[in-house]
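Given these sequences and hints, build the entire structure.
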Amino acid sequence: MSRLSIKNLGARYKTQILDNISLEVSAGDFVVFVGPSGCGKTSLLNFIAGFNQPHTGTITLDEKLITGPGSDRGVVFQQDALLPWLNIIENVALGLELQGIPRAARESRAKEVLALVDLAGFEQHKVWELSGGMKQRASLARALAANPQVLLMDEPFGALDAFTREQMQALILKVWHKTGKEVLLVTHDIEEAVFLASELLLMTPRPGRIVERIRLDFGARFASGESARHIKSDPKFIEVREYVLSHFFTNRDTANEREYS
Amino acid sequence: MNENILNSADSHNKIQAITPQVIAEESDTTSNSPSRKNNSGLFISAATVVVIIAVWSLITSLGFIDALYLPSPLAVVQKFIDVSINGYADATLWQHFFASISRIFIAVTIASIVAIPVGLAIGINPVARAIFDPLIEFYRPVPPLAYLPLIVIWFGIGEFSKILLIYLAVFAPIVVATAAGVRHLDPIRVRVAQSLGATRWQIIRHVILPSALPDILTGIRIGLGAGWSTLVAAELVAATQGIGFMIQSASQFLVTDLVIAGILMIALVAYAIEISLRILQKKLAPWQGQIH
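Top line first, the protein sequences correspond to chains A and B.
When you line the first sequence up against my numbering, it's residues 1 to 261, in that order.
When you line the second sequence up against my numbering, it's residues 1 to 292, in that order.
Nothing false has been slipped in among the hints.
Below 25 Å or equal to it, Euclidean Cα-Cα: the simulated BS3-like pairs (lysine-lysine) are:
(1) B/K282 <-> A/K126
(2) A/K174 <-> A/K232
(3) A/K178 <-> A/K232
(4) A/K7 <-> A/K64
(5) B/K283 <-> A/K126
(6) A/K174 <-> A/K236
Facing chain B, according to a computed beta carbon distance under 7 Å, are these residues of chain A, among others:
(7) F51
(8) P69
(9) V75
(10) W85
(11) L94
(12) L98
Don't read these hints as lab results, they were simulated from the structure.
Note that beta-carbon positions come from the ideal geometry of N, C-alpha and C, so glycine has one too.
Written out as structure tokens, the structure reads:
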């Protein structure tokens, strides 16, 4: 069963940034787009989110054409984008407030989601009292609270340190496993991509294309209890990681590209 | 609308605008003894005032300057008490004060009610910007005294003209600050709201307005300053009450001590309002200057 469907999507601004992208996302998939800067992965995510319109092609979610942003697609941004005049629970409940859900109902929902991302007890904190990782968890909670059908994440751990990154990877896999939502995540970290993805899409720039798709199960193995270190030192994991690395680093002209996003 | 916000590449203006405060806050929080530093600052300020008053007393008591030009501080205080009990020009000091402060208050209130939506419209909508921006930029640099005669010709010498003059002085700074606040908006915040399903109005209400709030409050503070400077001009127009009128009238009769008392009163009241607005700004926008 396919929920999100992209057909012949193309976009050009000064150069062709995305060329003839077609993609079917099945229920429960964790799709990771990985590629060097300028391969159009962030642009593609913005088209799916509805922030921009592609020049050719269509994107549909459950057969419904995407023409703009909407609450059926939750977005987690690269830098934390919490609103500083709201405390944490108000930030998380914002989507529900916009839908007109009464305070008591939205706060109990927000509390549930905050517990899911291990932020129980931080409801009344101010945004600036949280660390970078906690802010990203709150952003994830905000996207989840509105109960979207798919979750879009644009390099959500890019600004975090290596330790926090690992924790966040574990957390997102837990959330993915528990909620069963489709996740579409953009990253340029190859190890992260191989670890998280159930469907890994390798992209190359000029013009942005999906050049290879790889089905993986490392994330699923982690979600069903295997330790991250065990998975990441598994020869199979190393083999896939090295394969993806060699894929990008034999292609000499992929270095030093600008990101057109 | 979104296009306008998303395309505004004003982020570097934003950095310029917030930098001084950020630095101030940072040095406050990172300093080892912020309270001691603040206390010593307060002490120096108080000492400065005491020294000025002492020098003033000395000069006047030694008779260097005729009391007609510079009355002693004591004479000013006595005049102050005298006028607050016996009044001047058929009104007590408090009636003069009340007349002035209510003009300012009415003008600032109406100006805020009109200027904030206009500023938001200028910041959000290119059409509104094209309509209002030239008008406001055209009249804003003109001193209120220059168009005062025109206002008198059109609207007479009643209370309306006085309030209108103050209103015009207050209006422009609030509009300009509000529009700047909207332009400083981080476009990511708009996308956040959009991806949560916000409508146009919800984006304005939940993202744009609160984002611009610190700038709006700064605009009101600047507007109040402009309002006080215009007050005296406004009260030149056949007023029978008001601090500005009182100063004007006293000067014509060379009641210098009352002139000084009036000036000090305006200064003290304007200062008190400025301080309260700063406290209000800290209360309403505590995130300002926080590193997040």
